[in-house]
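Read top to bottom, the protein sequences are chains A and B. At the far end of the first sequence sits residue 79, using the numbering used here, and the numbering has no gaps. At the far end of the second sequence sits residue 178, using the numbering used here, and the numbering has no gaps.
No lab work stands behind these hints, which were simulated from the structure alone. Even glycine gets a Cβ: it sits at the ideal position worked out from N, Cα and C. Be aware that one or more of the hints could be misleading.
Here are the simulated DSS-like cross-link-like pairs (lysine-lysine), alpha carbons at most 27 Å apart as the crow flies [to be verified]:
hint, chain 1, residue 1, chain 2, residue 2
1, A, K23, B, K81
2, B, K157, A, K55
3, B, K111, B, K25
4, A, K5, A, K79
5, B, K24, B, K93
6, B, K157, A, K79
7, B, K111, B, K98
8, B, K98, B, K25
9, A, K5, A, K66
10, B, K25, B, K157
11, A, K55, A, K30
12, A, K5, A, K30
13, B, K24, B, K111
14, B, K81, B, K154
15, B, K98, B, K157
16, B, K157, B, K24
17, A, K30, B, K73
18, B, K73, A, K23
19, B, K73, A, K66
20, B, K93, B, K157
21, B, K24, B, K154
22, B, K157, B, K81
23, B, K98, A, K23
24, A, K23, B, K24
25, A, K55, A, K79
26, B, K98, B, K24
27, B, K24, A, K79
28, B, K25, A, K30
29, B, K25, B, K73
30, B, K24, B, K37
31, B, K37, A, K23
32, B, K25, A, K55
33, A, K66, A, K23
34, A, K79, A, K30
Covered by chain B, according to a simulated footprint, are these stretches of chain A (three or more residues, beta-carbon under 8 Å) [unchecked claim]:
hint, stretch
35, 14-26
36, 47-57
Here are the chains, one letter per residue:
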Amino acid sequence: MSDTKPDLELDLRGLLCPMPMVKVSQNISKVPVGGTVRAVATDAGSMADIPAWAKSTGNEVVQAEKVGSEYVFLVKRVK
Amino acid sequence: MTPDVAQAMEQVNAVASAPDDRRKKISMVVMSGDMDKLFGAFIIGTGAAAMGMEVTMFFTFWGLRALKRADAKTGTTFFGKMMGLMYGGGIEKASPSKFSFGGMGRWMFGKMMGAHNVATLPQLRDLAIDLGINMYGCQMSMDVMEIPQESFVKGVKDPVGVGFFIAEAQESQVTLFI
């Protein structure tokens, strides 16, 4: 677990493919380069999609874990 | 190797090893007007746009329905008007390719997708426009089916032909036919 406070919190609960990834993509530019977005989703597919999105767009997934029935991501804006 | 050749080779190598900063690209032909296939097309399109790709969607024949406004009236000749009547309406009138049941299927799938909180087709199309996806109607099928550009929603680009699509596809890393 990362202790740093994220620059932006995103509630993606209830959203299904492709929306969790689209929302992360639309919101990443709202934080400065080096800043982080913490996103909480319930779509199990986002566990694969958000890391794939990060790889494709050159951003970094600092944390991706299942907490109970939710999936918590900490994404760092790299560029 | 003469100095000239060596220099030329150096240039070639520099170009060859230069990182390709151009955006990756996906080009799709959307021929189907079925609800399920349009879902596939728009989910892939919006997903690719979110992943930073440049997206081109080329709508032809039944796929043109996906671009139409709900209130669009199409057709000029007798057959064109008949088609507009029988196959009228916009993207919200798309029925699933299986279990259509004369409109019941659309209602049922709509209910099921709503219960699972999936975005609707009109929402996905609006999102596609917001994300800057390039959407084009095929001029030839627009002419044949008598569906003018004016019947499309805002954000759809001017009609193009197969040459344009192939040129786009040639530059694309991913191409799909739906």
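Hint by hint, here is what the structure shows:
1. A/K23 with B/K81: Status violated; Cα separation ~41 Å.
2. B/K157 with A/K55: violated, 31 Å
3. B/K111 with B/K25: Since the Cα atoms of B/K111 and B/K25 sit roughly 34 Å apart, the hinted pair is violated (cutoff 27 Å).
4. A/K5 with A/K79: The given pair, whose Cα atoms are some 19 Å apart, holds under the 27 Å limit.
5. B/K24 with B/K93: violated, 33 Å
6. B/K157 with A/K79: violated, 30 Å
7. B/K111 with B/K98: holds, 16 Å
8. B/K98 with B/K25: Violated: B/K98 and B/K25 sit about 31 Å apart, past 27 Å.
9. A/K5 with A/K66: holds, 19 Å
10. B/K25 with B/K157: OK: B/K25 and B/K157 at ~18 Å, within 27 Å.
11. A/K55 with A/K30: Given pair A/K55, A/K30 holds - Cα atoms ~19 Å apart, limit 27 Å.
12. A/K5 with A/K30: With a Cα-Cα distance of about 15 Å, the restraint between A/K5 and A/K30 holds, given a limit of 27 Å.
13. B/K24 with B/K111: Not OK: B/K24 and B/K111 at ~36 Å, beyond 27 Å, violated.
14. B/K81 with B/K154: holds, 23 Å
15. B/K98 with B/K157: Not satisfied, since the Cα-Cα distance of roughly 31 Å exceeds 27 Å.
16. B/K157 with B/K24: holds, 21 Å
17. A/K30 with B/K73: This hinted pair is violated, its Cα atoms lying about 41 Å apart.
18. B/K73 with A/K23: Violated - the C-alpha atoms of A/K23 and B/K73 are around 35 Å apart, more than 27 Å.
19. B/K73 with A/K66: violated, 50 Å
20. B/K93 with B/K157: holds, 22 Å
21. B/K24 with B/K154: holds, 26 Å
22. B/K157 with B/K81: Roughly 24 Å separates the two Cα atoms, so the pair holds.
23. B/K98 with A/K23: violated, 31 Å
24. A/K23 with B/K24: Answer holds: A/K23 to B/K24 is near 20 Å, not above 27 Å.
25. A/K55 with A/K79: Given that 27 Å is the threshold and the Cα spacing comes to 12 Å, the pair holds.
26. B/K98 with B/K24: violated, 34 Å
27. B/K24 with A/K79: OK: B/K24 and A/K79 at ~17 Å, within 27 Å.
28. B/K25 with A/K30: holds, 25 Å
29. B/K25 with B/K73: Judged against 27 Å, a Cα distance of about 34 Å means the pair is violated.
30. B/K24 with B/K37: holds, 24 Å
31. B/K37 with A/K23: Measuring from Cα to Cα gives roughly 23 Å; hence the hint holds.
32. B/K25 with A/K55: Holds - the C-alpha atoms of A/K55 and B/K25 are around 16 Å apart, at most 27 Å.
33. A/K66 with A/K23: Distance ~19 Å between A/K66 and A/K23 Cα, so the pair holds.
34. A/K79 with A/K30: holds, 12 Å
35. 14-26: holds (count 11)
36. 47-57: holds (count 5)
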